[in-house]
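Following the hints, position chain H against chain G.
These protein sequence lines are chains G and H, in that order. Quick note on this note's numbering: the first sequence kicks off at 497 and runs consecutively. Quick note on this note's numbering: the second sequence kicks off at 2 and runs consecutively.
Wrong hints could be hidden among the right ones.
For each label pair, taking beta carbons as the anchor points, the in silico distance ranges come out as [claimed, not checked]:
(1) G:E642 <-> H:G199: 20 to 28 angstroms
(2) H:Q106 <-> G:Y586: 44 to 52 angstroms
(3) G:S556 <-> H:I90: 57 to 65 angstroms
(4) H:M62 <-> G:T516: 29 to 37 angstroms
(5) H:M273 <-> G:P684: 52 to 60 angstroms
(6) G:E685 <-> H:S216: 17 to 25 angstroms
So these bits of chain G aren't anywhere near chain H, every CB distance computed over 12 angstroms [said to hold, decoys possible]:
(7) K498
(8) T523
(9) D662
(10) D667
In case anyone wonders, no lab produced these hints; they're calculated from the structure. For each residue, glycine too, the CB sits at the ideal point set by N, CA and C.
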Amino acid sequence: MKLGLVVDLDTCVGCHACATACKQWNTSGTIGPLSDERPHGKDPSGSWLNRIHSYEVGDSPNSKTVNIPMSCMHCADAACVTVCPTGASYKREEDGIVLIDQDKCMGCNLCSWACPYGARELDTDSGTMKKCTLCVDRIYDEQLPEAERQPACVLTCPTSSRVFGDFDDPDSEVSKLTRERAGQQLMPELGYNPVNTYLPPRNPKQQEQIKVSAMQGVKQLVNRIVNR
Amino acid sequence: MHPAFSVLIFTVTSGAGYGLLTWLGVGQLLGFTQASTADQQIILGVIAMVLVSIGLLSSTMHLANPKNAWRSFSRFRTSWLSREAVFAILLYPVAALYAAAIFWQWSSINVLAGLSIILALITLFSTSMIYASLKTIRQWNTPMVPALFMAYALSSGGLLFLAVSGFFGALNPQLLTVVMGLVLITLALKLVYFFWQGKPQGATIQTATGFTQASVRLLDAGHSAPTFLNREFGYQITADKLLRLRIVMTLVAFILPLGVMYWFTQGASVAMLSVAWCLMMAGLLVERWLFFAEARHVVRLYQGDQRT
Numbered sequence: 497m498k499l500g501l502v503v504d505l506d507t508c509v510g511c512h513a514c515a516t517a518c519k520q521w522n523t524s525g526t527i528g529p530l531s532d533e534r535p536h537g538k539d540p541s542g543s544w545l546n547r548i549h550s551y552e553v554g555d556s557p558n559s560k561t562v563n564i565p566m567s568c569m570h571c572a573d574a575a576c577v578t579v580c581p582t583g584a585s586y587k588r589e590e591d592g593i594v595l596i597d598q599d600k601c602m603g604c605n606l607c608s609w610a611c612p613y614g615a616r617e618l619d620t621d622s623g624t625m626k627k628c629t630l631c632v633d634r635i636y637d638e639q640l641p642e643a644e645r646q647p648a649c650v651l652t653c654p655t656s657s658r659v660f661g662d663f664d665d666p667d668s669e670v671s672k673l674t675r676e677r678a679g680q681q682l683m684p685e686l687g688y689n690p691v692n693t694y695l696p697p698r699n700p701k702q703q704e705q706i707k708v709s710a711m712q713g714v715k716q717l718v719n720r721i722v723n724r
Numbered sequence: 002m003h004p005a006f007s008v009l010i011f012t013v014t015s016g017a018g019y020g021l022l023t024w025l026g027v028g029q030l031l032g033f034t035q036a037s038t039a040d041q042q043i044i045l046g047v048i049a050m051v052l053v054s055i056g057l058l059s060s061t062m063h064l065a066n067p068k069n070a071w072r073s074f075s076r077f078r079t080s081w082l083s084r085e086a087v088f089a090i091l092l093y094p095v096a097a098l099y100a101a102a103i104f105w106q107w108s109s110i111n112v113l114a115g116l117s118i119i120l121a122l123i124t125l126f127s128t129s130m131i132y133a134s135l136k137t138i139r140q141w142n143t144p145m146v147p148a149l150f151m152a153y154a155l156s157s158g159g160l161l162f163l164a165v166s167g168f169f170g171a172l173n174p175q176l177l178t179v180v181m182g183l184v185l186i187t188l189a190l191k192l193v194y195f196f197w198q199g200k201p202q203g204a205t206i207q208t209a210t211g212f213t214q215a216s217v218r219l220l221d222a223g224h225s226a227p228t229f230l231n232r233e234f235g236y237q238i239t240a241d242k243l244l245r246l247r248i249v250m251t252l253v254a255f256i257l258p259l260g261v262m263y264w265f266t267q268g269a270s271v272a273m274l275s276v277a278w279c280l281m282m283a284g285l286l287v288e289r290w291l292f293f294a295e296a297r298h299v300v301r302l303y304q305g306d307q308r309t
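Isolated chain G (complex conformation) (with noise of 0.2 angstroms):
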């Protein structure tokens, strides 16, 4: 199995509930709490694991917003696992979700080196390296109907921007999205092989001409002339 996200760039409106929802399942989930420093100060800080950034694409006026919600990328080359010395990084082999053992991290902050994506922050509160765990406890928990075996980030896409599944099986819906809709990676060149897939936003559909008869036209501008 090949688990992960592919994120529609065409639906995205940038709301940032995905990553709200991430925090809120996590701060209690497997990887103990998502520490913030100051939340009510000036400059609060934080571990999120995931962020989004919203690009002008083009120029104007043929430019249009793009938001680009990043989180891990599970990749399946993961350096940030090659390069972890304590072996607390990992990826797993059932189904390439990338882990950090919480009890084995020492916060030196390589595995954040590593990362093209930032995906990885350091928890000061713990001292540990925190990341997106692909919701592996809620994935695979059976106490909870089979719809909602899904990362939060998913469940709460108000615009269902956000797809999660195997990548390894050709007839899932991930597949067949990156297929149709000829899902891309980010930053290929490093060749990291990033799992999660980005599908670009479609073009506009030509807008219909409305066609305007004679008499139509004679009507709209007697009553523009009785307006004035």
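What follows is chain H alone, placed relative to chain G:
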């Protein structure tokens, strides 16, 4: 990259220590330590290991959770940081045996000297590969980084060897020439590194976002106050400050020590070699600060940089 002071101290002082130990071993194998007594050689070795230990202790200061530091010996097969830790610790018993061999004139002294050289150089190499193996930082991901780390260590260690053996009155004038040549080569390497680094290359905001056919600008980074990623990777340095520091570094780490060493050959006191060494160490601290401050991690592309 944020220049963490503990890491600057670690790489500079332990580098000088490994360099000094290497020259001590080389002196044993090539026969130019014979001028010094056993006690003097042991003092040189102790200075080397004290410098190394200061560096290693300093390196644990930047750990956020040092109680798990002992686990860093466990991933020798994949992690350069783990390899560095293993080789650094392995060197201690070997260096102690080498000291014993000097003191009691064991016949195995050459073997132990050779082993000390190999372990010191491998540890240095492992340290440099922690940086050079990161594909995310193009300024570090080059074979020049291990070459430079070796050159700094052998230069500063060689100069310290000269300063201390000069103090003992056992200075080898040929070694002085060799070290002066080495400092020049190191300077040349660093200038090549600066030249190479200025060339635009690597990932851009286009490949980072996947929009390779259009211009891309960051509108909103998604957080209202700096995060861990900003603090760790978002280090900003202005171009004029960078240029000034590069000039200071070149002068203090290389040109001035070379001048002082030349002055010594023209008859200045032996104490001037210690002055030259102190200058070089200060200059290398500036160099290491620049090494971090100039390194631009690709995560900055998601925070608004157009290229690394």
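Classify the label on G:K498 as holds or violated, using whether its beta-carbon is more than 12 angstroms from each beta-carbon of chain H. holds, 20 angstroms
Has the hinted range 17 to 25 angstroms been met by the Cβ atoms of G:E685 and H:S216? holds, 19 angstroms
G:D662 clear of chain H by more than 12 angstroms, beta carbon to beta carbon? Given that every Cβ of chain H is farther than 12 angstroms from that of G:D662, nearest at about 22 angstroms, it holds.
Holds or violated: is the Cβ of G:D667 farther than 12 angstroms from all Cβ atoms of chain H? holds, 25 angstroms
Just want to verify: G:T523 was marked as not at the interface with chain H; is every Cβ pair farther apart than 12 angstroms? Its Cβ never comes within 12 angstroms of chain H, the nearest being 16 angstroms, so this holds.
Could you tell me whether the CB distance from H:Q106 to G:Y586 stays inside 44 to 52 angstroms? holds, 50 angstroms
Between H:M273 and G:P684, does the beta-carbon spacing fit 52 to 60 angstroms? holds, 55 angstroms
Taking the CB of G:S556 and the CB of H:I90, does the distance hold inside 57 to 65 angstroms? Holds, since G:S556 and H:I90 (Cβ atoms, about 59 angstroms apart) stay within the stated range.
H:M62 and G:T516, beta-carbon distance inside 29 to 37 angstroms? The hinted range 29 to 37 angstroms holds for H:M62 and G:T516, with Cβ atoms some 35 angstroms apart.
Supplied distance hint 20 to 28 angstroms, evaluated on CB atoms of G:E642 and H:G199: violated, 57 angstroms
This entry does not satisfy hint 1, going by the numbered hints stated previously; all others are met.
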